[in-house]
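*Asks:* So the chains spell out like this:
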Amino acid sequence: MKKSRSSSKVGLPPGTLVHIGVRHKVPSDLSLIHFTSDKLIAEQDVSIKKCVTALDESNYSWANFDGVENVKEVAALCNTFAIHKLWQEDIVNTHHRPKFEFERSQVYITFKMIHPLSTTTEIVHEQVSMVFSKYWLISFQERKGDVFEGLRDRMRNPEANMRKNGVDYLAYRILDTVVDNYFLSTEFLQDKITILEEEIWENYQKEHLIRIQTLKKQAVLLRKLILPLREAILNISKESPAIIQENTFRYLKDVSDNIIHIIDSIDHQKEHLNSLMDAYNTAGNNRMNEVMQMLTIVSTIFIPLTFVAGIYGMNFVLMPELNWNYGYPTVIAAMVCLAVGMVLYFKKRKWF
Amino acid sequence: MKKSRSSSKVGLPPGTLVHIGVRHKVPSDLSLIHFTSDKLIAEQDVSIKKCVTALDESNYSWANFDGVENVKEVAALCNTFAIHKLWQEDIVNTHHRPKFEFERSQVYITFKMIHPLSTTTEIVHEQVSMVFSKYWLISFQERKGDVFEGLRDRMRNPEANMRKNGVDYLAYRILDTVVDNYFLSTEFLQDKITILEEEIWENYQKEHLIRIQTLKKQAVLLRKLILPLREAILNISKESPAIIQENTFRYLKDVSDNIIHIIDSIDHQKEHLNSLMDAYNTAGNNRMNEVMQMLTIVSTIFIPLTFVAGIYGMNFVLMPELNWNYGYPTVIAAMVCLAVGMVLYFKKRKWF
Amino acid sequence: MKKSRSSSKVGLPPGTLVHIGVRHKVPSDLSLIHFTSDKLIAEQDVSIKKCVTALDESNYSWANFDGVENVKEVAALCNTFAIHKLWQEDIVNTHHRPKFEFERSQVYITFKMIHPLSTTTEIVHEQVSMVFSKYWLISFQERKGDVFEGLRDRMRNPEANMRKNGVDYLAYRILDTVVDNYFLSTEFLQDKITILEEEIWENYQKEHLIRIQTLKKQAVLLRKLILPLREAILNISKESPAIIQENTFRYLKDVSDNIIHIIDSIDHQKEHLNSLMDAYNTAGNNRMNEVMQMLTIVSTIFIPLTFVAGIYGMNFVLMPELNWNYGYPTVIAAMVCLAVGMVLYFKKRKWF
Amino acid sequence: MKKSRSSSKVGLPPGTLVHIGVRHKVPSDLSLIHFTSDKLIAEQDVSIKKCVTALDESNYSWANFDGVENVKEVAALCNTFAIHKLWQEDIVNTHHRPKFEFERSQVYITFKMIHPLSTTTEIVHEQVSMVFSKYWLISFQERKGDVFEGLRDRMRNPEANMRKNGVDYLAYRILDTVVDNYFLSTEFLQDKITILEEEIWENYQKEHLIRIQTLKKQAVLLRKLILPLREAILNISKESPAIIQENTFRYLKDVSDNIIHIIDSIDHQKEHLNSLMDAYNTAGNNRMNEVMQMLTIVSTIFIPLTFVAGIYGMNFVLMPELNWNYGYPTVIAAMVCLAVGMVLYFKKRKWF
Amino acid sequence: MKKSRSSSKVGLPPGTLVHIGVRHKVPSDLSLIHFTSDKLIAEQDVSIKKCVTALDESNYSWANFDGVENVKEVAALCNTFAIHKLWQEDIVNTHHRPKFEFERSQVYITFKMIHPLSTTTEIVHEQVSMVFSKYWLISFQERKGDVFEGLRDRMRNPEANMRKNGVDYLAYRILDTVVDNYFLSTEFLQDKITILEEEIWENYQKEHLIRIQTLKKQAVLLRKLILPLREAILNISKESPAIIQENTFRYLKDVSDNIIHIIDSIDHQKEHLNSLMDAYNTAGNNRMNEVMQMLTIVSTIFIPLTFVAGIYGMNFVLMPELNWNYGYPTVIAAMVCLAVGMVLYFKKRKWF
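Protein chains in written order, with our numbering: chain A, 1 to 352; chain B, 1 to 352; chain C, 1 to 352; chain D, 1 to 352; chain E, 1 to 352.
Extracted from the complex, chain A is given alone in its bound form (with noise of 0.2 Å):
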């Protein structure tokens, strides 16, 4: 998997097309579906060509393009749309900030789309970004696989809103559905912070560190991938493009809803996983508190007693007390008496 950089773009002009992020090595693939609220065709691996047909204001046209990183075919489908050269500038670099932006009849809104975190601990994300205008919608994913199965499976029902109402209600029903994917992952990070909340009151232990710093680091990286499609959204509400209808803009008031929800969460995560860090790095502290009270009292109790077996085994010509009869059990409980003091001190300072 290679890599290329924003830098790789340093002084080019504006409009060039440079891919940038990273490189899937895969081929372009565009399918196309045309509905009206009668019919609908599905149609795979259409050539470029053929997707101008789309153009026809007879029906409604969704087409999808996986595989940006191809610019040459992104820039022919493109031009062949009059899609602005700035917006093709950022449609295959894959590292842009979610905005919206309209002229004339387009519109343009780019995201990220979070797979499902399913079997992966890592959160997978992907640039999507949509341009539509009256009668068609071309979409542009970085690689084949997305979250719109089931909306697709949903359009094919000829009773499905989508059907009825215009391209911008199925901009939104994508958006929605990118949305409610974020709620997932949100809700996976979630489960991860309760688990790991529990392992860590029970016992300490180094791993858990890593953990934290890891949940961190996605609730971090959700929260910079979801926040700035909410301000695109809002966006969109105050220019109000023309070809958006009016009913439209309620449904994406209630996405924007969506999003602020779902970063309430995160910063609720985010703040959760402080208070576990704070949690860990006391508990370290108790245990090294702990640690410290053993030795201290074992020494304590020992190295006294030590010293008075030390001087008994001094080899002076005249020490009176070793030739006495009872020295010997005398100084045994001498010891065992200051060992009893010893531990009935500690006991009265509740070391243990």
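These are computed hints drawn from the structure, not numbers from a lab. Careful: at least some of the hints might be erroneous.
Copies of the same chain look alike in the list, so a pair counts if it works inside one copy or between any two.
Listed next, the in silico DSS-like pairs over lysine-lysine satisfying Cα-Cα at most 25 Å (straight line) [said to hold, decoys possible]:
(1) 72 <-> 49
(2) 164 <-> 134
(3) 206 <-> 347
(4) 206 <-> 350
(5) 50 <-> 350
(6) 253 <-> 85
(7) 50 <-> 134
(8) 217 <-> 134
Please build the complex by placing chains B, C, D and E on the supplied structure of chain A, with the hints as guidance.
*Replies:* Positioned in the frame of chain A, the structure of chains B, C, D and E alone reads:
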């Protein structure tokens, strides 16, 4: 208890009713209060059909629906009163953020009701949604049992303001009661913090950490539950829907002032808990300091003494001191001097 | 001293008078000052009935009511002057947030009066509410004793501005006096912080922690008491009720500037206390470092020496060194060398 | 040096002149500069009476008053020029927050002048107030000595802009000079931080803590002194009093830009000092780590060896090893092996 | 390398040119590019006089001046083009905050150019100022060498947009190139953070602290250099000077979006570095824990054993155990039992 999560809605069209939240496995229950300033009729276990008569403009009505997890009944009830699909979706999503919306002749407001914390130590909350029009108000709760019993009692009094003023005033009284219960929760929290603080100052114990963290989590949760309601109420004033009377806005401002007061208190409590955490950590360090001083004092006094004893325990043939008459008492005296010197040194450095 | 809490109002209709706060068990007390630029009549222990004559437009009046816990008297007095029910509720709720409101011809303002901190170390505060109209001002206090004695003295002077200007000017002077007393509190706090800081730098003691925490809590409390008043005063200027003269606004701006100044100082103090907390912790660590160095130095020098002594304390039959003539002095010399080497090593590493 | 405090004003009517701040025990001193583009007359020790002639519109005048603690003279001077009572109060309150106000034909601005920090390490500041009208400007200082000498020199040059432009331009130049001196202070602070940082990285010393804390306090103080001036200058532009010429606003914007720059630097320095504090603490911990490792290594090697020696120091009659020919060398060899093994183990764990 | 500082300007009248910043001791150098869509003429080492011909409206001109420390040449050049005195002052003050201003027919913008970080590890930056009018643009740099070589190459292409669009488009391209280089710096920083993180997780080393602190300082510096440019660019859009074409605003918005993206990344990096600092500290604590455990285990096992050995090393005449046949093996066995018991105890407490 089963939970259904936000993610279970992924990809569904807007307006699809999917219950989100804890599933209490309770049947739905609809109760009704018709009232004018003259009379008040309360009915239990009303069927949805019968409820339609509430639309009659001859009196005000308050329908209370318990058990929003029964989405079919919710849908049936809502459709009868032409409640917007998106609102229905929010009503059955018990994880929704408090918010206010209005449309033509209906007002929708959703918020969290916090149950009194008498016996339990956890914060038990429940989502309540209200939709009201000029003559009727429908409240939706997650399950039976709420904080409105006092309100219902007061309604029975023909002199009560609620009987004279319209449904919007009733809505205000419901909100007011809910916010009054927020006060209860913060006071409860405050009590627990005060007790905990006294205990921490008295005696350092490991379990205090858990209690600090638990209280912090509760404060954060309370804030998250309560704050958005203020925003919602401010929105009411800003958008001032026609069906709310001029007078009621003033009362709503009072509620919003109360919420600020509560949030102030919670922020205060959070700051307090952070201080406690600091104090706890410092107390832990102080304790470690004590333990280490103990160890150091004992070791520093006895290790050199033991060494001296060790010297005279050596078996060299030629060790003149061993044969001196006063060798033993001299060494013992030297040891005592050394020990006393050490103790004085520690005293001077204020180690004990 | 009994406390009644915010929660005791749960579910009661708005305008129900319930005293909230510390119950001082004092009877109510009403005093009256009638004044024009020509004459001033002060009366003690006035009955509410007699107070009504204050409504007379021939002179200005300042009625002061002590003991708001006597809700019936408050209600009686307020109803006489047609004071709004919600304001009455706020007057007897001594936990209310400082705020300003006005309505037709009456202005309501509530705030916290902080008593001078001469002898005590705790911040003693009391809620004061004022309602004023064109010709009369009623102030409500929790109990007898306030910071307005100087003001009353000055009023007796026929030349005083208070005599010439209207009731709104009197209200400003009351506020100004209260804010001047805030200065006293922050200066008092500042003094205690300065003293504490010097002590901490001189000598690390465990009890400093408690003092830092106590001062921090006082600073936080002061801020919470004072800040909302500024907002209230800004609201006066913004809404500029007609019964306040143009000139008075200017003076109020001055009061609001003073509050900013006070809040600045408190924030400064909080930052200062945080620095002290840091310094305290670091001093604790430094102390621990010292203790550990002491232990390490002593142990590292004597433990190896003791080992050497232990070697020659062994009872092997065949230990040639034991029989050497210079065995003992050689070993002693070697020990001295070892010890000196250690000491030099520690010196080099700047351990002492 | 005596201090009078904000609290000494408690309860006094507005406009009562009470000096607040450090009392320098200096007599008042009034100097005067009359100037037009043609001529400049500077006078020292002017009486207030004579100063009135400054009101003459034939030339511009700059009167400088030193020693605001002499409140009577301040009052006499101010009353001559009809300066507002509240401004007089602020002029003699040297703890006032920087602010700007204007009224009819007079502008009032107060700010803090910071003296150059050449020899001393403390920040010495002084409050300067200016009142100016179309033809005269009066500046009030706490005592003799200011940073305006260069300005006065430059005024003597008939070509100087100050001679040609009005009094408002002079006011700008005074502000500009004051702000330039702020730069000096921040640079001075920066130098001290840089030096301190190098010392900390070189060698951990306890006294660094005090220096970090001192610098932090200075940065916080500077910020507090400087920031409100920006607000004041922004207010000038916002309210744009008529007696300030259009051109001067532009210059004032420049001053305000400089203040932002200075505040940026100070914030940068505060962050830097926080980093140093972190580094200092970590360095302290690292040192503790080292000490503990030393102790652990020595103890872990020698305590077991001493035990072995202790074994063979026991006086049992039947200890066969003691009589072996090679008993002693064997034990010594075993001890060496044990010690070497320990050392290798510590090496492997990178303990030294 | 000599530095002149902001303070060297204290008290000077506005518009006095004083160089502030690092003095590179380089002569000034002026190069010129005349261009229309038809032709392009590049000249090196142009005299200021000759440069005046650039004012000719027959073509666009880009004059680049290196070495702003030569204030006389800067003044001469600026005066020729009637550039405002205050701007001249800012051009030679290389510590100026990025800003934008315009006046009549000229636009002034100053910002920081960051050189690519290929070999060095420090951030090398330089202030660039641009003044442009309808037909000419003058850029001022601190010394020779910039990031615009690619731009100049591209200009040679007659098809380049820069040739067709006006001077404002050229200004945009210069800004764009500078911002692209900011990306390089943040990526460079990101790489270093990633490497450092891996090393920290692998192995705790003291020098990591220095590296974390260095990276943090670099991130803070980058932010300080970059952020104000965004504000400046927003001001361009807000004030929209007439000489900038409608189209260019759109491109500028793109630049401003890029800066947000960069600032986002830097903030992310700062948060990351804070996490690393936490991790570093915790790793240090964990290490200390390990060391202490080691010490405690060894001491706790061997100190009691040594004591036992000490007992039987005592020289009492009457110690019956010493004469038992199995005394020695019994004691050894007891010691082994004790040691094994200890080890099991530590195992149970998971100390190793």
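*Asks:* If a hint holds in the structure, say so; if it doesn't, say that too.
*Replies:* Comparing the hints with the structure gives:
1. 72 <-> 49: within (14 Å within a copy, 49 Å between copies)
2. 164 <-> 134: Intra 14 Å, inter 33 Å, cutoff 25 Å: intra-copy only.
3. 206 <-> 347: between (30 Å within a copy, 17 Å between copies)
4. 206 <-> 350: between (28 Å within a copy, 12 Å between copies)
5. 50 <-> 350: So residue 50 and residue 350 fail the 25 Å test inside a copy (84 Å) and across (67 Å) alike.
6. 253 <-> 85: Intra 29 Å, inter 14 Å, cutoff 25 Å: inter-copy only.
7. 50 <-> 134: Classified as within: same-chain Cα gap 19 Å, cross-chain 46 Å, threshold 25 Å.
8. 217 <-> 134: neither (40 Å within a copy, 49 Å between copies)
Checked against the numbered hints above, the structure violates hints 5 and 8; every other hint is satisfied.
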